[in-house]
Amino acid sequence: MTALQHVKSHAHYTVQLPRSDDFAFWRESARALIQCDIPPDKVAWVEPGGSGDLFASGGMRLPEPPADAPPVRASKRYLSLAANAALHRDPARFALLYRLLWRLQANPRLMEDKADPDVRRVEELDKNVRRDSHKMHAFVRFRQVEEADGAEHYVAWFEPEHHILRANAGFFQRRFASMRWSILTPQGTLHWDRETMREGPPAQKADAPQGDPVEDLWRTYYASIFNPARLKVGAMLSEMPRKYWKNLPEAELIPELIAGAQKRESEMVAAGERDDGVRPESLAAIGEAIQACRKCPIGCLENRAVMGEGPSDATLMIVGEQPGDHEDQERRPFVGPAGQLLDVHLERAGIDRDAAYVTNAVKHFKFTMRGKRRLHQSPTAKEIDTCRWWIEGERELVRPKLVLAMGASAARGMLGKTVSISKVRGEPIPLDDGSELWVTAHPSYLLRLDGEAREKQAALFDADLAAVRERLAELAGQ
Amino acid sequence: MGVAPILDRLKILADAAKYDASCASSGTAKRNSTKGGIGSTEGMGICHAYAPDGRCISLLKILLTNHCIFDCHYCINRKSSNVQRARFTPQEVADLTISFYRRNYIEGLFLSSGIIKSSDHTMEMIVEAARILREEYDFRGYIHLKTIPEADPEIIHRAGFYADRVSINVELPTDAGLTRLAPDKNARQIEGALGKTSSDIIEAKDAKKRFKHAPRFAPAGQSTQMIIGADAASDADIVGRASRLYDSFGLRRVYYSAFSPIPDASAVLPLKRPPLIREHRLYQSDWLMRFYDYRPQEIMQATEADGNLPLDIDPKLAWALKFRERFPVDVNRASREDLRRVPGLGVKAVHRILASRRHRTLRLDDVARLTVSLTKVRPFICTVDWRPTMLTDRADLRKLLAPKQEQLELFAA
Ligand code: SF4
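Read top to bottom, the protein sequences are chains R and G.
Residue 278 in the numbering used here sits at position 278 of the first sequence, with consecutive numbering throughout.
Residue 200 in the numbering used here sits at position 200 of the second sequence, with consecutive numbering throughout.
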């Protein structure tokens with residue numbers, strides 16, 4: 001140890017920083033101290049409001065660095081971390097930065113040693129400050145006030161954790177250049193008048209406006225975009241810690257949203273409620289289960305479910321819309337006038353009804369009462385979709401090679417969408433399970449027509465059936 | 001008939017948008033308003049709030065309308081659903097975006113829509129909202145437009161000039177699922193639209209290189225979304241589909257949306273608790289492919305007999321347990337690639353290990369300081385003072401490492 005160093009080691013220095021975030025000043029002082037070879041434990045760094053008497057002997061004036069002092073070296077990584085870490089509120093930050101800078105002179109690659117406690121600490125400070133800045137970008141909420149001159153002024157109240165206000169002025173300036181705005185914080189204030197940035201003294205929350213008409217819309221948005229079926233409060237808290245909540249207008253809704261989530265989710269589920277149990281695995285069991293089905297409003301009418309009938313290994317499945325009055329009474333499909341008409345046409349086409357499995361897209365009879373008569377009503381798309389659960393069960397068990405859907409409702413029961421019969425008739429439509437769907441009109445449609453129109457439609461119907469028969473023969477030959 | 005107040009419509013049209021998974025507002029061209037207009041795209045996409053579902057709110061995510069002429073079974077807005085309907089005009093959407101933006105609530109707009117009148121008409125309206133924002137308000141913030149694959153490619157193309165990002169949903173992982181659950185949609189048309197947008201993006205980037213004033217076209221690229229758990233697709237199917245989509249269309253992201261129980265659900269759908277953990281595992285595997293160089297085949301290797309990823313452990317651990325012969329990895333010698341395969345070591349931890357080992361030979365307590373959880377890592381590494389004794393052979397290793405029934409994603413409250 002040289003004599004000079006020995007003398008110096010008795011001296012203590014106190015550096016008084018003009019502002020808590022004055023990194024430039026700190027850097028100049030640190031550079032001079034290093035050049036004078038003053039070790040970290042001899043320097044006290046004091047920011048405004050901090051205590052200055054860390055050393056009993058009191059501080060000394062900073063020495064002048066010798067003219068031939070070697071330049072102070074610092075890696076890029078150090079500099080970028082230090083500039084940010086200096087904004088941390090930890091009073092020990094400047095001492096830490098100086099200690100690291102001191103050590104860097106002997107070991108220029110020190111910053112690469114991620115296991116070193118000083119390196120780790122400065123990285124941590126940097127991270128906290130970056131996070132706080134990021135939260136400031138995110139959580140500043142402007143409220144609009146009308147100035148005396150009629151101009152709009154946007155004012156925000158924000159409580160940063162670290163000394164980040166000045167460092168983030170540029171972000172808001174670049175984003176809201178054309179707005180007149182102010183950000184008020186307990187550490188100081190920023191005012192942008194669309195041309196220049198002005199700094200002001202610390203403010204209080206009461207200085208900021210109390211509300212903004214758009215906040216109601218914002219809260220509405222916040223509450224509506226939340227999906228109660230996905231409650232993940234922990235994930236929210238880790239990104240939006242409670243300490244920020246008090247200045248976020250939407251945060252007042254959070255407790256209520258969480259509390260109501262279970263209820264809202266079960267309402268969501270209940271609104272689409274069905275008994276989603278396992279589908280019965282035999283035709284007989286499905287036949288029983290549909291008697292009890294109340295998945296759609298039709299099941300709640302005065303009626304009885306009608307199950308399909310025919311060989312359980314039929315190649316052809318014929319699907320109608322729903323049971324009518326007769327079918328409901330006899331609990332068999334296609335026994336009423338439409339069924340009789342169907343029989344005539346099937347016979348004419350050479351299709352053996354007894355070899356086919358005949359059923360309906362919807363299992364219960366939908367009607368309204370007109371006096372004592374039950375008047376047929378068409379099922380809605382939703383009712384057909386609901387009942388699809390059952391006919392899919394039948395299809396899975398019977399495994400027909402060809403499905404003949406009669407009428408738009410039956411086609412929807414197979415396809416899940418409404419098709420126009422005139423567009424799709426006469427052509428097979430491949431289904432998922434490898435079978436094919438043929439669509440034609442419903443015989444009850446023919447019953448409602450007269451004269452020429454009826455003849456024309458009957459001919460079309462016959463043509464469709466003939467095509468189906470031909471196709472069945474082909475399939476049988478395969 | 002009078003039009004409902006904007007507050008009521010916002011409620012309906014934001015509620016209808018809550019099933020959209022994406023909220024990203026990052027990765028676009030840098031802009032600010034110092035030379036006029038309003039807005040900037042500085043910072044890596046800022047989340048302005050978080051909802052109690054843990055998801056970030058970065059954009060005003062709404063539907064232009066929830067009326068729809070289509071009848072997709074997984075969708076709450078389908079024609080045959082009984083939900084309350086509402087619509088905004090493009091002007092209203094633009095005004096709402098600007099008033100939220102001025103108060104620093106959002107980074108911009110994510111606009112989607114049910115289909116009204118026709119696909120073309122709807123797409124025109126979506127583009128119009130973006131046009132008002134860009135041309136009349138000189139808005140420099142972020143715009144994400146959901147495009148409608150059935151619309152005229154010319155109109156979709158225009159969307160790319162106003163938007164930072166466009167997305168076209170593939171909706172379901174398999175074509176069979178799409179045919180069954182979205183009978184009005186067509187897989188080929190969707191892929192066609194993805195392909196067209198992908199080539200538009202490449203073309204515009206190319207032009208930008210050669211002509212300084214060439215217009216920007218969707219600088220944040222395109223993304224897509226598929227619904228998980230509504231059809232029978234396995235995780236292996238989903239990962240395979242996603243990786244093909246990444247490869248063929250240069251997508252920025254594939255989003256997964258766990259099928260939610262929706263009010264007035266179609267009977268064709270399973271009505272189950274949303275498989276949130278499953279969705280989470282898919283995102284984790286996506287992450288492994290994008291940042292850890294796992295190949296899609298490797299993710300598939302980590303699945304179980306039914307083709308699904310295990311729910312109790314993450315896919316990286318699942319893979320490591322299947323390939324135990326690759327471990328332990330020597331932290332003082334192993335390559336970056338091998339270190340990244342260690343369960344519990346993230347990209348950052350690997351970086352720290354590589355940097356530190358140039359200065360010292362790492363011991364187990366050094367590793368403890370450089371990683372989040374030593375317990376997770378320990379069975380798979382060795383250091384100068386540590387070597388796991390046969391731990392990787394233990395049959396109950398999985399049980400030892402699986403988190404203790406901590407169902408974070410399900411009702412953590
Ligand atoms: S019509 Fe079908 S869905 Fe409706 S109650 Fe009857 S069986 Fe159930």
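Hints were generated in silico from the structure; no laboratory data involved.
Treat the hints with care, as some may be off.
[Stated by the list, open to error] Computed cross-link-like contacts, DSSO-like style, restricted to lysine-lysine with a CA-CA straight-line distance of at most 30 Å:
no., chain 1, residue 1, chain 2, residue 2
1, G, K348, R, K423
2, R, K382, G, K11
3, R, K401, G, K185
4, G, K30, R, K127
5, R, K263, G, K11
6, R, K205, R, K263
7, G, K11, R, K127
8, G, K79, R, K295
9, R, K127, R, K246
Every value quoted in this text rests on a predicted model; they were computed, and no experiment measured them.
Tested hints:
1. G:K348 <-> R:K423: violated, 60 Å
2. R:K382 <-> G:K11: Distance of about 25 Å is within 30 Å: holds.
3. R:K401 <-> G:K185: holds, 25 Å
4. G:K30 <-> R:K127: Between G:K30 and R:K127 the Cα gap is close to 24 Å, so the pair holds against 30 Å.
5. R:K263 <-> G:K11: holds, 18 Å
6. R:K205 <-> R:K263: This hinted pair is violated, its Cα atoms lying about 36 Å apart.
7. G:K11 <-> R:K127: violated, 37 Å
8. G:K79 <-> R:K295: With a Cα-Cα distance of about 19 Å, the restraint between G:K79 and R:K295 holds, given a limit of 30 Å.
9. R:K127 <-> R:K246: holds, 23 Å
Of the hints listed earlier, those the structure fails to meet are numbers 1, 6 and 7, in rising order.
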